[in-house]
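2 protein chains.
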Amino acid sequence: MNRSDCPISNALDHLGDKWSLLIIRDLALFGKRSYSALQGSAEGIATNILSSRLASLEASQLLTKAPDPADKRRQIYRLTEAGKDLLPILLEMILWSAKHNPGDLAIPDDLVQMAANDRAGLLARLRERIDSDSF
Amino acid sequence: MNRSDCPISNALDHLGDKWSLLIIRDLALFGKRSYSALQGSAEGIATNILSSRLASLEASQLLTKAPDPADKRRQIYRLTEAGKDLLPILLEMILWSAKHNPGDLAIPDDLVQMAANDRAGLLARLRERIDSDSF
DNA sequence: CGATTTAACTTGCATAAAGCAAGTTACTAT
DNA sequence: ATAGTAACTTGCTTTATGCAAGTTAAATCG
Numbered sequence: 001m002n003r004s005d006c007p008i009s010n011a012l013d014h015l016g017d018k019w020s021l022l023i024i025r026d027l028a029l030f031g032k033r034s035y036s037a038l039q040g041s042a043e044g045i046a047t048n049i050l051s052s053r054l055a056s057l058e059a060s061q062l063l064t065k066a067p068d069p070a071d072k073r074r075q076i077y078r079l080t081e082a083g084k085d086l087l088p089i090l091l092e093m094i095l096w097s098a099k100h101n102p103g104d105l106a107i108p109d110d111l112v113q114m115a116a117n118d119r120a121g122l123l124a125r126l127r128e129r130i131d132s133d134s135f
Numbered sequence: 001m002n003r004s005d006c007p008i009s010n011a012l013d014h015l016g017d018k019w020s021l022l023i024i025r026d027l028a029l030f031g032k033r034s035y036s037a038l039q040g041s042a043e044g045i046a047t048n049i050l051s052s053r054l055a056s057l058e059a060s061q062l063l064t065k066a067p068d069p070a071d072k073r074r075q076i077y078r079l080t081e082a083g084k085d086l087l088p089i090l091l092e093m094i095l096w097s098a099k100h101n102p103g104d105l106a107i108p109d110d111l112v113q114m115a116a117n118d119r120a121g122l123l124a125r126l127r128e129r130i131d132s133d134s135f
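Line by line, the protein sequences give chains Z and L.
Residue 93 in our numbering sits at position 93 of the first sequence, and the numbers go up by one each step.
Residue 117 in our numbering sits at position 117 of the second sequence, and the numbers go up by one each step.
Hints are not guaranteed to be accurate.
Think about it this way: if two alpha-carbon atoms lie no more than 20 Å apart in a straight line, the pair counts; the simulated SDA-like pairs of lysine to any residue are [to be verified]:
1. Z/Lys72 x Z/Gln39
2. Z/Lys99 x L/Ala82
3. L/Lys84 x L/Leu38
4. L/Lys99 x Z/Gln61
5. Z/Lys18 x L/Lys99
Simulated from the structure, these hints should not be mistaken for laboratory data.
Owing to the predicted nature of the structure, the values given are computational and were not obtained by experimental measurement.
Turn these sequences into a full structure, and let the hints steer you where they fit.
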């Protein structure tokens, strides 16, 4: 699993595929918490892939899975602190795409604006929203 | 190729695999410019994969390929401005791994320190190093 | 209470991407 | 002229992704 002792390589060992960061995005930015909500994402991940990615993210300790006390069919997926700490990476990806927008992207301009004015504050507010589940 | 109009998804459409960002890292942080130098990286990319990744990064306009005037066997790979703009993403990956270091990573402490003190200045200096090729 | 839905998966099979070893071509150095 | 180097490509095997259908347990509906 660890290809080298490079910190970038290490991050990519956990996140370097087409789906992991989209799942993190759904949890961190869209407040999704259930398997079916995650499956309903715009990009359309196959159910077996979602299952395997969730398992690997859980193994990497980026998220946790816990049964919903109110509905025993349901599992609740939550970001760990390490998972929440991926917010800056997500933000930089948004800013990069905003800057190099091929023209058809849905850029959240307010967020880009806040990032320019008060990056630290924005990240704090995004994290607070995760913690308080106020999406 | 475009899975959705989400900016994060867009970034991952170009970079979401195990190798692309390592190649960008080698160009941006280690000053590598040739095929053979890139192939010599710690992680050991297979030559056919390196070839296909370079082609896709070039197609995504993150790097350019140009013949070396001094040695006609040689091709020089360089980051475009869009490629250089990936520096913040690389930096955040380093910071994330530094914070969640599994214990065996080679963390550049000086860089982590500078990021904490003067992030914008650090990014400016890293970019300047690329432009002046002073590695 | 039994029948239908819903949630969270798993299984089996097809296709696409990654990885390995060897080979090719054009140029450079000896 | 000969040997080496740089930048690849080719053929084959292995692994990962993707699709469609099926399973299980719990909740809801009539």
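Within 20 Å, alpha carbon to alpha carbon, are L/Lys84 and L/Leu38?
holds, 17 Å
Quick one, are Z/Lys99 and L/Ala82 close enough, alpha carbons at most 20 Å?
Cα-Cα ~9 Å, so holds.
Tell me if the straight-line CA distance from Z/Lys18 to L/Lys99 falls inside 20 Å.
At roughly 24 Å apart (the allowed maximum being 20 Å), L/Lys99 and Z/Lys18 break the hint.
Is the Cα-Cα distance between L/Lys99 and Z/Gln61 20 Å or less?
Since the Cα atoms of L/Lys99 and Z/Gln61 sit roughly 14 Å apart, the hinted pair holds (cutoff 20 Å).
Is the straight-line distance between the alpha-carbon of Z/Lys72 and that of Z/Gln39 20 Å or less?
holds, 19 Å
Checked against the numbered hints above, the structure violates only hint 5.
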